[in-house]
Amino acid sequence: MSVIEALKNALPKASVLATEEQCRPYECDALSAYREKPLAVVLPETDDQVKQVLRICKAYQTPVITRGSGTGLAGGTLPLKNGIVLGLSKLNKILKIDPLQRIAVVQPGVRNIQVSEAVRQYGLYYAPDPSSQIACSIGGNVAENSGGVHCLKYGLTVHNVNSLRVLNMDGEEYIFDEKDDGVDLLAMLNGSEGLLGVIVEIKLKLLPKPEAAQLVMAAFQSVNECAEAVTAVLKQGIIPAGLEMMDKFSIQAAEDFAQVGYPTEAEALLLCEVDGSHDQVQVDAKRVADILTAEGAYKIIVSQNERERVALWQGRKNAFPAVGRYSPDYYCMDGTIPRSKLAYVLEEIAKLSKKYGLRVANVFHAGDGNLHPLILYDANKPGELAQTERFGCDILNLCVDVGGTITGEHGVGVEKLNSMCHQYQGAELEIFHGIKAVFDDTGLLNPGKAVPTLHRCAELGHMHVHHGELPFAHLERF
Amino acid sequence: MQQQFNQMAEQIKEAAVDQKTLQIVGGGSKVPLKNDAELLSMAAYSGVLSYEPSELVITVRAGTTLSELHQVLAEKNQMVAFEPPEYGNSTIGGTYACALTGPAKPFRGKLRDYVLGTKLLDGQGRELNFGGKMIKNVAGYDVSRMLAGSKGSMALVTELSLKVVPLVEEVTYRIEMPECDAIVLMNQMAGTSLPLSGSAYYRGYFYYRVMGAHPKQTNRVGVEAVDNSIWQILNPFKPVLQPGQKLWRLDVESTNPCIDGTLAVGMGGTRRWISSKNKPEHPYVTLWDDRFLPRHNDGKGVKKIKQGLKKVFDPHHVFKDL
Ligand SMILES: Cc1cc2nc3c(=O)[nH]c(=O)nc-3n(C[C@H](O)[C@H](O)[C@@H](O)COP(=O)(O)OP(=O)(O)OC[C@H]3O[C@@H](n4cnc5c(N)ncnc54)[C@H](O)[C@@H]3O)c2cc1C
Ligand SMILES: Cc1cc2nc3c(=O)[nH]c(=O)nc-3n(C[C@H](O)[C@H](O)[C@H](O)COP(=O)(O)OP(=O)(O)OC[C@H]3O[C@@H](n4cnc5c(N)ncnc54)[C@H](O)[C@@H]3O)c2cc1C
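Protein chains in written order, with UniProt numbering: chain R, 1 to 478; chain C, 1 to 322.
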């Protein structure tokens with residue numbers, strides 16, 4: 001019997017997709033430049049079915065690539081030819097809401113936005129809000145430790161998860177709870193990119209909805225001034241709920257697309273939102289406006305009501321598709337840098353843009369140093385994708401060189417394996433492989449993702465290999 | 001300092017060869033030494049390595065005392081949001097190793113939430129760097145958060161990068177009421193937009209602490225403003241006990257009803273301090289005395305994972321047991 005037959009015997013008919021046509025939609029995630037048709041796609045409806053799938057795949061030594069909504073931007077769900085895709089979209093129930101305790105227990109396929117919608121009636125919400133929140137799943141959020149505009153103040157996914165129920169490749173169940181003592185396994189499962197276990201249940205922390213929020217928009221004549229202004233706000237003791245920056249190209253594209261009144265002549269635009277109690281917001285919005293004016297903003301708009309606030313956000317929220325209109329394809333990078341290096345990094349990116357002959361727009365989560373350069377390219381032009389990838393890789397290396405990191409929120413997946421070799425040395429990578437082996441000694445869970453083989457880094461010239469002797473020589477190299 | 005760093009790495013390497021156990025000790029250690037353990041003292045390995053207030057990040061050597069850390073931050077009007085308890089000469093390394101967090105935990109988060117990166121010496125004496133200085137970083141497994149709570153059993157933590165926050169003004173209020181009512185009320189209040197940074201129950205009073213600008217609380221029935229000292233009494237909590245009584249720390253759901261023998265309720269209801277002779281029947285209980293006694297409530301599977309991880313970080317078993 002083949003693994004597909006075994007899966008078909010164990011699961012409802014509609015849960016196993018194996019034809020070319022059925023598998024096609026699962027060939028890639030939102031990083032569509034990488035594609036592969038899986039052996040089959042399995043869509044279980046219950047925990048027990050997930051366990052069965054894992055046991056069957058273990059018996060057949062079939063790799064398992066867990067998938068939430070497939071909105072990942074780093075190729076984390078890229079299938080393997082000989083592997084199955086374990087789609088969790090049918091595990092989509094909110095199991096429990098306890099407004100007094102401020103928690104929700106959900107299955108992994110629940111979409112991010114659904115949680116806030118379900119608890120709105122209690123004046124609560126779920127804080128992490130990736131821009132993909134209408135589509136991405138909570139399971140995917142945990143696996144990627146996703147963040148959103150509100151990260152600086154309210155944290156990433158890891159800060160908002162109280163406990164996880166996880167299955168290993170044998171289908172055995174683990175519970176990782178914030179109340180556990182000793183090493184913090186719950187923290188490590190967040191951001192583990194489907195390599196350590198399949199997350200089947202999540203207890204989320206809910207927060208009270210802030211009473212009020214106000215947005216301050218400020219325009220600057222230079223990027224540097226804008227970056228300095230951000231620094232000044234934080235230095236004065238204000239932690240904004242959102243702090244977003246756009247460069248000239250992004251401002252023009254966003255305004256052209258959404259017509260919200262952004263000053264298109266500005267070199268840099270800052271959107272700073274404060275939230276909290278009515279009293280606090282009034283105090284903070286005024287202080288922010290004063291600080292930004294003192295720092296050289298030549299135009300300031302403070303939202304006077306909810307409608308204005310939402311309207312002013314529209315440009316930023318649509319920045320990616322807006323920029324996308326200028327080019328057949330775009331590639332979104334995700335490095336982080338210390339803010340003090342912003343002007344330097346943007347200059348270097350501009351130089352690289354000239355070198356590669358590819359345009360770049362910069363959108364930036366200014367509060368937490370997360371840069372999202374969008375590289376415009378045309379996939380139909382031979383060689384242009386490869387150029388784009390090299391350009392992207394150069395940007396990430398630059399981020400590491402100024403003290404930052406290669407990914408703030410999108411994860412490593414298959415996309416940033418080379419860049420990982422720039423950020424981590426051999427010994428750390430060995431530890432990562434060791435951790436993987438503790439959780440998954442079969443190596444069947446999402447193989448080849450997130451942590452590069454030592455061999456790969458050696459080939460890239462980032463690792464010293466003495467007499468051809470590699471550490472972990474017994475590990476498969478590909 | 002580099003010399004001391006090298007010496008520590010050497011000490012670990014030698015212990016690996018000689019099959020010795022090392023007991024890492026921070027400041028005014030409360031750790032009972034195993035007879036056969038050799039001391040690895042972190043106390044002198046201290047000092048701030050970098051501090052950029054506008055980036056909200058500080059990097060310190062692990063032997064830095066909490067009092068030094070607080071002072072450096074206060075000069076720039078900042079603080080560590082997790083309010084670690086201070087026991088004499090507590091070091092930030094020992095605090096991290098014990099994952100100790102104070103009263104604001106349900107509101108501002110716990111220690112590991114503010115860890116951005118660590119530098120370590122593993123059980124082979126290798127220098128390792130995990131995480132970094134960025135608030136957002138999802139490259140590789142989150143080892144620097146995972147090791148919070150590892151209690152000197154996995155690796156020697158030599159440096160820590162922490163996210164810091166602005167110092168805030170805080171006001172404490174209290175209301176006299178029965179404990180069971182207070183537990184419900186503290187949960188209800190945590191679901192409102194009042195900017196809370198602490199709530200507790202102690203000796204007949206429900207206490208809550210509010211940050212920054214907020215509506216005047218003394219208009220509420222029975223509320224009085226008091227000073228902030230209650231949070232020091234509860235953190236670290238060191239009650240005088242009757243002979244034969246022991247102090248237990250229970251971690252529970254915030255809405256857990258009253259428990260017999262409770263001396264204090266902290267952290268929005270999630271922390272209960274109990275005095276009793278015997279171990280309370282409860283899944284998350286720690287005996288709290290002047291000795292370091294780790295809790296062993298792990299299920300079989302979780303235990304296996306922890307033991308596996310210990311082997312990854314400390315293959316020659318240089319550091320003490322989990
Ligand atoms: C279960 C428990 C009970 C406690 N009970 C009390 C109590 O009743 N009274 C009290 O005053 N305090 C108590 N403490 C607090 C604790 O021991 C100290 O507060 C400690 O955190 C202060 O730092 P220190 O530098 O003195 O750490 P130490 O006491 O020196 O060390 C604490 C632990 O951290 C490890 N460690 C220290 N530095 C490092 C490092 N750089 N890298 C890796 N590991 C390190 C040690 O090996 C040890 O396991 C308790 C802690 C625990 C976990
Ligand atoms: C337009 C757009 C905007 C975006 N904006 C943001 C943003 O603001 N912030 C941000 O952080 N990200 C953003 N993303 C990226 C993406 O949405 C997030 O990474 C999201 O968390 C992925 O969720 P998903 O359910 O789609 O996961 P998938 O793409 O299906 O999977 C992602 C990874 O998680 C693993 N995985 C999924 N579910 C599980 C599970 N239950 N157990 C174990 N492993 C699992 C997969 O194996 C894979 O490695 C954006 C993406 C798009 C397309």
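If you're looking for bench data, these hints aren't it; they were derived computationally from the structure. We put the CB at the ideal spot given by N, CA and C, even for glycine. Be careful, since some hints might not be right.
Stated by the list, open to error - Partial list, computed: chain R residues near chain C (C-beta under 10 Å):
no.	residue
1	Ala6
2	Met188
3	Asp401
4	Gly408
Hint by hint, here is what the structure shows:
1. Ala6: violated, 25 Å
2. Met188: Hint on Met188 of chain R: holds, closest Cβ of chain C at ~4 Å, below 10 Å.
3. Asp401: violated, 12 Å
4. Gly408: The hint holds - Gly408 of chain R has a Cβ within 10 Å of chain C, the shortest such distance being about 4 Å.
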